[in-house]
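Colleague: Mind docking chain R on chain H? Use the hints.
2 protein chains.
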Amino acid sequence: MHVLIIGAAGMLGRKLTQRLVRDGTLAEKSITDLTLVDVVAPQAPEGFSGKTRLMSVDLSASAVAAQLVEARPNVIFHFAAIVSGEAEADFEKGYRINLDGTRDLFEAIRLAHLEDGYHPRVVFASSIAVVGAPLPYPIPDDFHTTPLTSYGTQKAISELLLADYTRRGFLDGIGIRLPTICIRPGAPNKAASGFFSNILREPLVGQEAVLPVPDSIRHWHTSPRSAVGFMIHAASMDLDRVGPRRSLSMPGVSATVGDQIEALRRVAGDAAVALIRREPDAAITRMCEGWAPGFEATRARKLGFVAEDRFDDIIRAHIEDELGGTI
Amino acid sequence: MHVLIIGAAGMLGRKLTQRLVRDGTLAEKSITDLTLVDVVAPQAPEGFSGKTRLMSVDLSASAVAAQLVEARPNVIFHFAAIVSGEAEADFEKGYRINLDGTRDLFEAIRLAHLEDGYHPRVVFASSIAVVGAPLPYPIPDDFHTTPLTSYGTQKAISELLLADYTRRGFLDGIGIRLPTICIRPGAPNKAASGFFSNILREPLVGQEAVLPVPDSIRHWHTSPRSAVGFMIHAASMDLDRVGPRRSLSMPGVSATVGDQIEALRRVAGDAAVALIRREPDAAITRMCEGWAPGFEATRARKLGFVAEDRFDDIIRAHIEDELGGTI
Numbered sequence: 564m565h566v567l568i569i570g571a572a573g574m575l576g577r578k579l580t581q582r583l584v585r586d587g588t589l590a591e592k593s594i595t596d597l598t599l600v601d602v603v604a605p606q607a608p609e610g611f612s613g614k615t616r617l618m619s620v621d622l623s624a625s626a627v628a629a630q631l632v633e634a635r636p637n638v639i640f641h642f643a644a645i646v647s648g649e650a651e652a653d654f655e656k657g658y659r660i661n662l663d664g665t666r667d668l669f670e671a672i673r674l675a676h677l678e679d680g681y682h683p684r685v686v687f688a689s690s691i692a693v694v695g696a697p698l699p700y701p702i703p704d705d706f707h708t709t710p711l712t713s714y715g716t717q718k719a720i721s722e723l724l725l726a727d728y729t730r731r732g733f734l735d736g737i738g739i740r741l742p743t744i745c746i747r748p749g750a751p752n753k754a755a756s757g758f759f760s761n762i763l764r765e766p767l768v769g770q771e772a773v774l775p776v777p778d779s780i781r782h783w784h785t786s787p788r789s790a791v792g793f794m795i796h797a798a799s800m801d802l803d804r805v806g807p808r809r810s811l812s813m814p815g816v817s818a819t820v821g822d823q824i825e826a827l828r829r830v831a832g833d834a835a836v837a838l839i840r841r842e843p844d845a846a847i848t849r850m851c852e853g854w855a856p857g858f859e860a861t862r863a864r865k866l867g868f869v870a871e872d873r874f875d876d877i878i879r880a881h882i883e884d885e886l887g888g889t890i
Numbered sequence: 564m565h566v567l568i569i570g571a572a573g574m575l576g577r578k579l580t581q582r583l584v585r586d587g588t589l590a591e592k593s594i595t596d597l598t599l600v601d602v603v604a605p606q607a608p609e610g611f612s613g614k615t616r617l618m619s620v621d622l623s624a625s626a627v628a629a630q631l632v633e634a635r636p637n638v639i640f641h642f643a644a645i646v647s648g649e650a651e652a653d654f655e656k657g658y659r660i661n662l663d664g665t666r667d668l669f670e671a672i673r674l675a676h677l678e679d680g681y682h683p684r685v686v687f688a689s690s691i692a693v694v695g696a697p698l699p700y701p702i703p704d705d706f707h708t709t710p711l712t713s714y715g716t717q718k719a720i721s722e723l724l725l726a727d728y729t730r731r732g733f734l735d736g737i738g739i740r741l742p743t744i745c746i747r748p749g750a751p752n753k754a755a756s757g758f759f760s761n762i763l764r765e766p767l768v769g770q771e772a773v774l775p776v777p778d779s780i781r782h783w784h785t786s787p788r789s790a791v792g793f794m795i796h797a798a799s800m801d802l803d804r805v806g807p808r809r810s811l812s813m814p815g816v817s818a819t820v821g822d823q824i825e826a827l828r829r830v831a832g833d834a835a836v837a838l839i840r841r842e843p844d845a846a847i848t849r850m851c852e853g854w855a856p857g858f859e860a861t862r863a864r865k866l867g868f869v870a871e872d873r874f875d876d877i878i879r880a881h882i883e884d885e886l887g888g889t890i
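Going line by line, the protein sequences match chains H and R. Under our numbering, the first residue of the first sequence carries the number 564, and numbering increases by one thereafter. Under our numbering, the first residue of the second sequence carries the number 564, and numbering increases by one thereafter.
These are calculated hints, taken from the structure and not from any lab test. One should not assume that every hint holds.
[Unchecked claim] Okay, the calculated bits of chain R under chain H, using three or more residues with CB under 8 Å as the criterion: (1) 637-646; (2) 710-717.
[To be verified] Just some of the chain R residues that point at chain H, by a computed CB distance under 7 Å: (3) Ile702; (4) Phe706; (5) His707.
Just so we're clear, the structure is a prediction, and the values are computed from it rather than from any experiment. By construction, the Cβ of each residue, glycine as well, lies at the ideal position given by its N, Cα and C atoms.
Excised from the complex, chain H in its bound form (with noise of 0.2 Å):
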């Protein structure tokens, strides 16, 4: 089994590389091969003793997407993006990177199909910004997507290609709508949406965070940990039984901001929600509105994804998995 990461140096690339190396197995086989890809080199992982190839590449540019699918990996995870902000800021980069890159992947797939009946899982991170306000809650499976970032364009598009790709028998597809991910691990980020796992994961270590928006807000969020074994259960599940909507909005917990922080209290006190500096900022707060207060994910679900219940078990796995299981 030779499996491709192509966006194998960010958050989920990195959590998801150390999973497939813990596991040594992915859909019942032995991984032989890793083929680590991104923009910024990938690290080598530890522990692991197939191959490994470290590959530090532009998906955009020319050759590389028939450069990647060479070698014939059989599973692919796509999760190269240039983020939300970046895409928005820069017009034509978000299109290359998000929109041409995935298509130049496709494409390099298709023309090894028509060579030698090369047919590939794909397994595609897509995101809830394809859907764009005014939203309903919960947003049900079969709600249109009307992105109103270019970025959410980007991925609405590439889940169209997806699908096609797969119906025409090229590929093998099935792309992921990623809630957003809390609690995040490293330093704060300065995204817009940063806040909603800065305001745990720094009064988890005694440390303040700003909180720009009013406890009402509602969000969709899932743990670094679930959405990697959405990414293992998609490479691993009959795609047979999905049919040809190949894009599902994955579970997830939908919490307000005053849900959150009473879950920080249940499991770390009033101490660590004292840690909490409200600072209201309008333009975050009329962002915020416009996201997706929650999924039905009804599909998703059957199909064996599993995502936490309740907030507190996103905190517990973020203890666990980033604070050696203690606070």
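Modeller: Structure of chain R alone, referenced to chain H:
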């Protein structure tokens, strides 16, 4: 007012051209320039006093899109497309014309916008093929686009691009999801959907027509006259009322084949109905069962788009527009 029609030689392009020449105005402005573009040479319209320019070009060819926007047309109707069957038979050609051609056009407009603030109205002909079975009846406006053809995929992607280019301020776009046009004038064609028109158009002039599906098949129709009306309204209306969701499912008549036949009986009598010969075709029936049975089209109706209410009126429109008013 300079009007550009891309795909001007097709049925809809020709009918729209006739209507524009007859009206002499669009959006309450006098039409001074008419540029008609298609891959086959469009015909010069009779009776137009302004300047006409005819161009026979392939929209996806290098530099063609830039050439089309060079004269900065105020309104662009974009109808050019490889039809469903051909886009399915020739994967590469379908993507080249229906996706790349459209994107090239939008990109040329964006670059012109960056140069001098150019900001045309763009009316894009989309299709009910953006949805795919299983479908509810009626299909709500917020139903997801999960096309089951490459053509439908290319139209759905173009809708997403149109919305994003509009949101970013590069153009003022609106996507018109056309029902199946019935009664299509001209000779019977071999498209799988051709029988919807054939079983009416041929008996109205005393000719036999073949019906390959059962009377129970339900589908979504509008007359050529209404389709032209949608385009005129889309080019004239205040799009600020539409908001960011820029593609609209148009109103139409939802009718079973049995409803169509009874309408024919009311308008043209038993003798016309007797000319319909039933030759059941399992393959065509299976295809039809996956097609859209009808849309709510609530948003479009509220925004002033108007179609026939009853199938009888669709037949009468054909008699008036194609048969000189009598049968």
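Colleague: Work down the list of hints and note, for each, if the structure agrees.
Modeller: Each hint tested on the structure:
no. : hint    : result
1   : 637-646 : violated (count 0)
2   : 710-717 : holds (count 4)
3   : Ile702  : violated, 10 Å
4   : Phe706  : holds, 6 Å
5   : His707  : holds, 5 Å
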